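If you read the sequence shown in UniProt numbering, its first letter stands for residue 1, the second for the next number, and so on.
Errors might be hidden in some of the hints.
Unchecked claim - Heads up, simulated DSBU-like pairs for lysine-lysine below, C-alpha to C-alpha not over 35 Å straight-line: (1) Lys213 <-> Lys375; (2) Lys287 <-> Lys351; (3) Lys354 <-> Lys180; (4) Lys498 <-> Lys625; (5) Lys213 <-> Lys153; (6) Lys351 <-> Lys227; (7) Lys416 <-> Lys441; (8) Lys323 <-> Lys416; (9) Lys287 <-> Lys344; (10) Lys498 <-> Lys486; (11) Lys229 <-> Lys351; (12) Lys619 <-> Lys760; (13) Lys323 <-> Lys354; (14) Lys227 <-> Lys356; (15) Lys344 <-> Lys356; (16) Lys323 <-> Lys351; (17) Lys180 <-> Lys323; (18) Lys323 <-> Lys356; (19) Lys287 <-> Lys354; (20) Lys229 <-> Lys176; (21) Lys227 <-> Lys180; (22) Lys625 <-> Lys674; (23) Lys354 <-> Lys344; (24) Lys180 <-> Lys229; (25) Lys153 <-> Lys356; (26) Lys323 <-> Lys229; (27) Lys498 <-> Lys441; (28) Lys625 <-> Lys375; (29) Lys453 <-> Lys344; (30) Lys619 <-> Lys674; (31) Lys619 <-> Lys759; (32) Lys356 <-> Lys180.
Worth flagging that the hints you see were computed from the coordinates, not collected in a lab. Here the structure is a predicted model, which means the values were calculated and not measured.
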Amino acid sequence: MATMILLEHCLRKEEVMTGNPLLLDQDLGTQLVYSVVACPSDALALSNCIVVNPYDFQDGAHLLINGAFVLTARHDNTGSLQQGCIGASSAQRSWIGLSVQGDQVTIETLPPPPHPSAPSYLQSIDVEIGFFRPRQEIAEQYSADDIARHLIKLFNGIVMSTDETIAFEYHGQNIKGNVKGVSLLELADEQRRQVPANQSSRGHQNYGIIMDKTDVTIMKAPDSLMKIKSSAKNRWNDIGLRAPPNAILAPNFKFEDMGIGGLDTEFSEIFRRAFASRVFPPGLVDKLGIQHVKGILLHGPPGTGKTLIARQIGKMLNAREPKVVNGPEILNKYVGASEENIRKLFADAEKEYKEKGDESGLHIIIFDELDAIFKQRGSTNSGTGVGDTVVNQLLSKMDGVDQLNNILIIGMTNRKDMIDEALLRPGRLEVHMEISLPDEKGRYQILNIHTNKMRTNGVMDEDVDLVELAGLTKNFSGAEIGGLIKSATSFAFNRHVKVGTMAGISDDVENLRVNRNDFLNALAEVHPAFGVSEEELEQVIQNGIIHFDPIVDEILRSGQLFVEQVRTSTRTPLVSVLLHGPPGSGKTALAASIASASQYPFIKLISPDSMVGFSESQKVTAINKVFADSYKSPLSVIVVDNLERLLEWTPIGPRFSNAVLQALLVLFARRPPKGRRLLVLTTSSLRPVLTEIGLSEVFDSELRVPPISNLVSLEFVLREVELFQSSEERRHAVRMLEDAGFALTAKEEDSSKMHIGIKKLLSTIEMARQEPDNVAQRLMGGLMGLGM
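Kindly produce the complete structure, drawing on both the sequences and the hints.
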């Protein structure tokens with residue numbers, strides 16, 4: 001075969017000598033063998049063309065060498081190159097892998113444009129450049145845009161390929177370049193139809209012809225000391241901005257693939273604050289005189305998606321593999337080792353930034369449980385001071401003397417208040433993003449993501465309505481929704497367990513379906529951490545509300561008005577109400593009833609019953625935590641029960657807890673954060689005491705809960721609780737109480753012996769119920785025993 005190619009070459013040379021020098025170029029696709037020699041002159045070497053004898057090829061022809069490398073032909077103007085030889089520069093010989101010691105190559109002439117199978121024109125080309133001499137350094141700073149224009153002027157009409165090494169002169173210096181990537185203009189539909197079947201594809205072309213409109217991106221080589229001012233141009237193509245090689249967004253990135261539900265607003269805010277400046281060319285950012293954001297702090301309740309966002313940001317970005325650090329892993333018992341661990345995290349970013357400057361890729365460091373290692377300096381009493389020095393080391397690396405502009409720190413914490421303040425200022429972790437509880441739309445997105453496989457594989461019943469579940473899961477975090485779905489599947493699994501065994505499964509397991517009842521059962525089992533304290537509320541209103549007097553209806557109506565005021569008013573995001581009255585008058589039950597009827601997603605009860613044995617500081621911490629948790633919910637109700645017991649009020653002395661009092665004074669008056677609304681319902685049996693200690697002034701309104709003070713109200717209660725079997729027995733008992741001196745009408749209330757709270761009355765009624773044969777006498781005896 002080689003003999004036939006050589007013979008054909010000799011015959012064609014003979015045709016050329018007889019006066020047909022263009023015949024070779026007309027017979028396209030024929031391979032000929034040529035010998036390799038050195039480039040005849042330095043000027044021809046800097047043309048980045050393959051030098052040929054004028055009788056072998058046309059000037060400007062595009063040649064395919066060894067079936068893989070494409071170069072443009074340039075006629076020898078020195079007259080020293082013989083026919084059958086090609087002159088290749090040292091850079092070209094290194095790229096193709098050739099030697100001048102007897103190497104030969106096969107050459108095929110490619111057709112010129114606009115032939116459909118000709119090389120395409122380049123839409124863009126990325127070139128990495130540096131000085132020819134290693135470690136050469138000069139003071140002059142070159143403009144990337146000026147070099148790009150210079151390259152287009154020098155090499156217009158020349159083919160260039162990916163990984164090709166080129167050489168040129170600029171400002172009196174010899175420059176070496178390496179083509180890192182090219183993109184081609186697409187063929188028009190008419191051109192595609194004209195391509196012959198046998199020439200329809202040469203595979204994926206990694207070469208093309210430079211033209212006036214080619215977009216040239218210039219980058220500094222990693223090992224070069226050349227100073228380059230980055231371009232400020234936009235990189236446009238037919239689908240929008242063209243991403244340069246160091247673009248931060250992955251080319252195949254889609255927001256819908258992130259698997260994050262309910263955080264659309266937060267993620268858009270993060271992108272605007274931390275990544276928008278990195279999308280634009282470094283030269284444009286340099287014109288603005290700003291630096292990129294170096295740090296993001298994600299804070300919020302547990303389970304809301306902070307770690308998920310950080311993990312997905314790493315996938316979204318076309319950056320180095322993120323370094324994930326779980327807080328305590330940094331600490332080491334040896335002196336200086338913890339600080340060394342911090343320095344190691346930044347080593348790769350520092351090395352690349354020294355090599356490439358602003359063209360460096362993005363390095364991401366993710367700190368989980370940030371509060372574990374970067375506490376307020378001076379707050380730890382370990383004696384070693386390691387915590388403080390670790391904070392100092394991170395501060396110096398993020399924004400010290402040698403500033404880096406190619407790093408992004410992402411920190412996550414549930415306790416923002418514990419982190420050193422110097423770390424939170426601009427230039428460090430400057431973007432503070434609260435990842436809060438998802439709203440109804442967000443919960444639907446999370447449910448949709450978590451149940452996607454169920455629906456795809458047909459194991460979810462059609463009666464499951466995700467919109468309904470989103471409405472029922474108020475204040476559920478993303479993690480709690482995941483737990484809800486696991487609980488629902490456990491109920492579905494349980495239906496297919498064999499009767500009488502806990503390990504065997506039934507034969508119809510292939511019919512397993514998760515249905516609506518499974519989810520409703522799961523809702524009774526899984527409760528949100530920032531939700532409604534259902535058990536506590538049910539405990540204080542287990543007997544219900546007895547409407548023994550019109551004032552009870554008025555209190556409930558007023559409570560509903562306060563609820564709506566907090567829900568809708570733009571002027572009063574915080575409303576505090578005091579319910580006061582004698583002990584046992586039903587204040588707690590009324591407050592809990594108002595709270596439950598509000599349907600707010602967050603309802604908590606602060607009661608001295610749950611703080612028995614607490615010190616003053618423990619009480620303050622517990623109370624403050626409930627209020628802090630309420631700020632994470634859009635609508636919240638806090639019921640503060642038995643205020644005087646919470647304050648440890650004692651008339652002997654008198655004595656009370658000033659620390660708890662001061663905390664309540666602050667918390668009752670503190671407006672919740674923007675977008676959050678809070679209703680505080682407080683109960684007290686000692687209203688005058690609140691005036692003495694200055695607590696009564698913080699309440700926006702007061703509601704007095706009266707005791708039962710007349711027989712009309714008493715008879716209503718007796719009828720509601722069905723103490724007597726007949727109305728005649730009930731009227732007989734009321735007459736007995738009247739004869740004993742209890743008032744019958746409201747006019748006689750002032751002289752009445754009766755002054756009893758509903759709670760005490762119900763307790764007395766239940767005691768009388770225990771003696772069915774003598775209920776009336778036992779009831780009157782019980783009321784007399786209360787001192788009435």
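- Are the Cα atoms of Lys619 and Lys759 separated by 35 Å or less? Between Lys619 and Lys759 the Cα gap is close to 27 Å, so the pair holds against 35 Å.
- Query: Keeping to a limit of 35 Å between CA atoms, is the pair of Lys498 and Lys441 held or broken?
  - Reply: 39 Å, violated
- Query: Holds or violated: are the alpha carbons of Lys498 and Lys625 at most 35 Å from each other?
  - Reply: The given pair, whose Cα atoms are some 46 Å apart, is violated under the 35 Å limit.
- Message: So if I understand the rule, the pair passes when the alpha-carbon distance is 35 Å or less; does Lys287 with Lys351 pass?
- Response: 25 Å, holds
- Measure nothing beyond the straight line between the CA atoms of Lys625 and Lys375; if it is 35 Å or shorter, mark the hint as holding. 19 Å, holds
- Message: Hinted pair, alpha-carbon criterion (35 Å max): Lys180, Lys229. Please report holds or violated.
- Response: 19 Å, holds
- Has the given pair, Lys323 with Lys351, been kept, meaning a C-alpha gap of at most 35 Å? 16 Å, holds
- Taking only the CA atoms, is the gap from Lys354 to Lys344 under or equal to 35 Å? 16 Å, holds
- Taking only the CA atoms, is the gap from Lys498 to Lys486 under or equal to 35 Å? OK: Lys498 and Lys486 at ~21 Å, within 35 Å.
- Query: Does Lys453 pair with Lys344 here, judged by a C-alpha cut-off of 35 Å?
  - Reply: It is violated: about 41 Å lies between the C-alpha atoms, which goes past 35 Å.
- Message: Just to be careful, I want the Cα atoms of Lys416 and Lys441 compared with a cutoff of 35 Å; is the pair within it?
- Response: Cα-Cα ~27 Å, so holds.
- Query: Quick one, are Lys213 and Lys153 close enough, alpha carbons at most 35 Å?
  - Reply: Cα-Cα ~11 Å, so holds.
Hints 1, 4, 27, 29 from the list above are not met by this structure, while the remaining hints are.
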